[in-house]
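Student: From first to last, the protein sequence lines are chains V and A. Following full-length UniProt numbering, the numbering of the first sequence begins with 1 at its first residue and continues without gaps. Following full-length UniProt numbering, the numbering of the second sequence begins with 1 at its first residue and continues without gaps.
It is possible that part of the hints are untrue.
No copy labels: a pair is met if it fits in one copy or bridges any two.
As the list claims (entries may be wrong) - Only pairs whose alpha carbons sit at most 20 angstroms apart, straight line, appear in this in silico EDC-like list of lysine to aspartate or glutamate:
#	residue 1	residue 2
1	Lys282	Glu54
2	Lys359	Glu54
3	Lys359	Glu346
Worth flagging that the hints you see were computed from the coordinates, not collected in a lab.
Okay, here's what each chain looks like letter by letter:
Number of protein chains: 2
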Amino acid sequence: MADMQKAVKWYPPSYDIRVEQVPIPSIQHPDDVIVKIQLAGLCGSDLHIYRGHEDVDAELIGGHEFVGTVVEMGSSFGPDAQGRPELYRTLRLGDKVVSPFTVSCGECHFCRVGFTCRCVHSILFGIPTLPGGQAQYVRVPKAGGTLFTVDSVVATSADVSAPELADSSLLLLADILPTGAFAALQALQHAKASPMLTARPYPFSDFVPGVENSVEAASAPLLDEDRTLTFAIVGLGPVGVCAAVSLFKMLNDVEKATGSHFRIIAVDPNDARRAKMEKIAKAIQVPAERFVVADIPQAKQAMGEWTNGIGCNAILEIVGNNSALTLAYELVRPFGSISSVGVHQEPPLPFMGRDLYNKNVSFDFGRCPVRAMLPIASKILVKHQAVFGTIGEDISLIERVVSLNDAAESYELFDKGKCGKILFDPWR
Amino acid sequence: MADMQKAVKWYPPSYDIRVEQVPIPSIQHPDDVIVKIQLAGLCGSDLHIYRGHEDVDAELIGGHEFVGTVVEMGSSFGPDAQGRPELYRTLRLGDKVVSPFTVSCGECHFCRVGFTCRCVHSILFGIPTLPGGQAQYVRVPKAGGTLFTVDSVVATSADVSAPELADSSLLLLADILPTGAFAALQALQHAKASPMLTARPYPFSDFVPGVENSVEAASAPLLDEDRTLTFAIVGLGPVGVCAAVSLFKMLNDVEKATGSHFRIIAVDPNDARRAKMEKIAKAIQVPAERFVVADIPQAKQAMGEWTNGIGCNAILEIVGNNSALTLAYELVRPFGSISSVGVHQEPPLPFMGRDLYNKNVSFDFGRCPVRAMLPIASKILVKHQAVFGTIGEDISLIERVVSLNDAAESYELFDKGKCGKILFDPWR
Chain V
1 MADMQKAVKW YPPSYDIRVE QVPIPSIQHP DDVIVKIQLA GLCGSDLHIY RGHEDVDAEL
61 IGGHEFVGTV VEMGSSFGPD AQGRPELYRT LRLGDKVVSP FTVSCGECHF CRVGFTCRCV
121 HSILFGIPTL PGGQAQYVRV PKAGGTLFTV DSVVATSADV SAPELADSSL LLLADILPTG
181 AFAALQALQH AKASPMLTAR PYPFSDFVPG VENSVEAASA PLLDEDRTLT FAIVGLGPVG
241 VCAAVSLFKM LNDVEKATGS HFRIIAVDPN DARRAKMEKI AKAIQVPAER FVVADIPQAK
301 QAMGEWTNGI GCNAILEIVG NNSALTLAYE LVRPFGSISS VGVHQEPPLP FMGRDLYNKN
361 VSFDFGRCPV RAMLPIASKI LVKHQAVFGT IGEDISLIER VVSLNDAAES YELFDKGKCG
421 KILFDPWR
Chain A
1 MADMQKAVKW YPPSYDIRVE QVPIPSIQHP DDVIVKIQLA GLCGSDLHIY RGHEDVDAEL
61 IGGHEFVGTV VEMGSSFGPD AQGRPELYRT LRLGDKVVSP FTVSCGECHF CRVGFTCRCV
121 HSILFGIPTL PGGQAQYVRV PKAGGTLFTV DSVVATSADV SAPELADSSL LLLADILPTG
181 AFAALQALQH AKASPMLTAR PYPFSDFVPG VENSVEAASA PLLDEDRTLT FAIVGLGPVG
241 VCAAVSLFKM LNDVEKATGS HFRIIAVDPN DARRAKMEKI AKAIQVPAER FVVADIPQAK
301 QAMGEWTNGI GCNAILEIVG NNSALTLAYE LVRPFGSISS VGVHQEPPLP FMGRDLYNKN
361 VSFDFGRCPV RAMLPIASKI LVKHQAVFGT IGEDISLIER VVSLNDAAES YELFDKGKCG
421 KILFDPWR
């Protein structure tokens with residue numbers, strides 16, 4: 001390897017992107033791996049730094065989405081790494097890998113229980129202390145806990161003869177596809193959805209071994225009509241589309257397994273986003289009677305018609321601002337839940353305690369534990385490669401692949417909403 | 001029956017309690033039942049009306065907690081009531097019954113799925129349009145869905161030779177014991193508690209049939225130490241004590257069934273409440289190494305020591321104001337949940353979206369579905385009669401039983417915090 005590489009650097013205070021020659025990273029800790037980047041993403045949250053909204057005062061190499069191959073491994077890797085995450089024994093030079101957008105050690109309490117995004121060693125790629133993936137090489141700390149091999153993507157898919165996955169689609173595993181899948185899963189896992197899945201009324205005790213309810217006929221039995229789950233997705237940007245595709249797949253699987261039914265309302269005020277969602281829904285053969293793409297008034301109308309006005313069972317909130325949360329509250333039924341993966345900022349929540357009490361609302365906020373979600377996300381990726389993999393097609397989430405040399409222009413276009421998702425090929 | 005009865009009436013705008021002769025209620029709808037009251041409770045939430053905080057501008061008969069016997073039934077009751085809640089066929093004159101504090105029909109979607117407090121016919125006892133239980137007789141609408149017989153209390157308890165239950169303890173089933181049990185169950189049912197119960201890391205798919213995770217060793221296996229649930233209860237008024245006793249019983253049952261462990265931090269700034277909680281904990285033999293009664297600084301210290309500072313798995317918030325919610329947020333760990341049954345009022349929530357995102361916090365807000373919780377609450381009642389049943393003892397939740405004639409004085413003493421929970425015996 002040469003000593004120097006090309007990288008995209010951001011300079012404070014804002015809007016200053018330069019492409020520079022910088023040293024190739026080296027192993028700093030035995031758990032490190034150096035990855036040669038094949039593709040790196042430009043993500044909406046890179047814009048927070050770009051615009052100077054993150055209080056960062058030092059220059060940095062940006063980017064937290066990347067796919068690449070392992071070119072150097074620290075001394076922790078090898079057959080002797082017993083009692084550590086499997087990858088410390090099994091990772092090989094040349095393996096193709098995907099990384100979540102944050103580091104997770106795989107060994108702390110949070111990692112062991114699967115809440116990998118709150119790892120005690122968690123650190124985001126693309127900040128001054130951990131250079132990001134918009135470069136030719138990147139150093140991955142705690143790599144045996146953090147990385148996911150492409151062999152695993154294929155192995156976790158139900159289809160053993162899965163086609164080869166394009167690098168452009170694998171890149172979506174770093175953040176947006178697992179985040180969308182997490183939004184969907186979180187809503188489905190909520191106890192308040194369980195009566196519809198199990199046909200047993202609350203407070204069924206399935207979730208809590210040892211706490212048994214009695215069979216006691218308080219109410220009339222559940223009817224088939226009670227078992228229809230109506231979900232809404234608020235926000236149809238790239239993560240919202242990932243959430244919609246994930247939710248559709250999960251609800252289909254759930255329907256087959258449980259006999260429940262479902263309908264989905266996909267909401268965005270932006271015409272172009274709705275048009276893309278429509279095309280994708282058609283491409284993945286979502287039946288029109290179960291899936292409506294709606295602006296805000298249409299969403300309220302669909303909720304009214306599909307639920308007799310009682311509201312949706314759950315809302316996936318993928319925007320990260322208070323108007324999205326307010327719409328979610330309006331659309332959700334009493335004893336419904338709001339799964340919020342939007343990155344919220346400073347303003348206080350727009351709810352009075354009384355509103356939440358009176359509707360028995362539940363919220364699940366926060367960041368996706370990407371590393372833990374990768375097996376589930378991989379299955380969705382393999383099933384829907386057309387949406388996730390192709391570049392520049394009508395239904396693709398990726399608009400184009402450019403050289404690192406185009407970084408400044410790309411950040412500017414993306415910041416101004418003049419282009420969709422862009423990937424960097426650092427060897428172009 | 002005579003035509004007239006004695007009742008406690010509240011007059012607007014506030015603090016005006018009178019004991020009057022009023023007509024005995026009669027059947028107004030075929031689903032109605034008339035109950036002869038044996039005991040009626042004075043509850044903290046009666047004080048909201050007493051103080052004039054509820055915007056009520058008409059006089060009313062107060063009280064939403066009562067136990068009594070059935071003295072008249074509407075024409076819906078009888079052997080022909082097929083396809084309706086069981087009680088329409090099985091209820092008999094003379095049956096002793098408990099009523100949740102709100103009506104639930106047992107036949108709408110919300111009742112069928114078990115979310116009975118959000119019944120489409122829900123109406124609170126003790127408002128101008130539905131006279132309450134602080135009287136000699138009360139009319140119960142939708143009684144086949146609403147009422148719970150004392151035979152059911154005994155039948156749902158594990159102990160078939162359960163001792164006779166005092167009316168004073170049965171009365172607690174109307175509101176505070178199910179509400180405390182609901183706060184506990186909601187926290188245990190949250191998906192984020194599941195790794196500790198099942199020893200499987202997130203995103204286990206147990207809750208969502210058809211959505212399977214793969215066995216893929218991202219992280220090191222769960223350790224025994226990961227399986228300790230540390231819960232905190234914020235607020236040790238009567239509902240908080242019910243929550244503590246319920247949580248202790250449930251966590252004991254869960255421990256036996258799953259091999260998980262637990263510790264509980266019970267928090268209140270009020271010395272007298274903490275002293276009572278200490279006595280109750282001793283009486284029900286809670287091991288001191290798993291249960292600490294704490295003021296706020298002590299609670300933070302206990303959280304720090306017991307969890308290495310990462311925070312509690314779940315918080316039961318039983319107060320209903322923003323300082324309690326703020327403390328709950330401080331005590332909860334990333335990926336923890338807050339089960340809030342406190343009756344919140346107007347101020348906006350004290351959280352910025354960013355705070356909730358950054359900690360992956362979950363909230364479950366709202367009113368207990370009492371009717372649905374009664375089987376579980378009954379088991380807890382039978383097991384812990386000493387706490388719930390006796391009157392005036394050190395460990396009892398009930399301080400005294402008085403005549404309806406003492407209503408004005410009782411409201412005043414209770415409002416000023418000069419006495420604990422008071423019950424009315426309308427025949428004294």
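Student: Given a CA cutoff of 20 angstroms, do lysine 282 and glutamate 54 count as a within-copy pair, a between-copy pair, both, or neither?
Tutor: Neither way: lysine 282 and glutamate 54 sit 39 angstroms apart in one copy and 51 angstroms across, limit 20 angstroms.
Student: Within a copy, between copies, both or neither: where do lysine 359 and glutamate 54 come within 20 angstroms Cα-Cα?
Tutor: Answer is between; shortest inter-copy Cα gap is 18 angstroms, intra-copy 35 angstroms.
Student: Check lysine 359 against glutamate 346 for me: Cα-Cα at most 20 angstroms, and say if that holds within a copy, between copies, both or neither.
Tutor: Cα proximity of lysine 359 and glutamate 346: across copies only (14 angstroms, versus 25 angstroms in one copy).
Consistency with the previously given hints fails for number 1 only.
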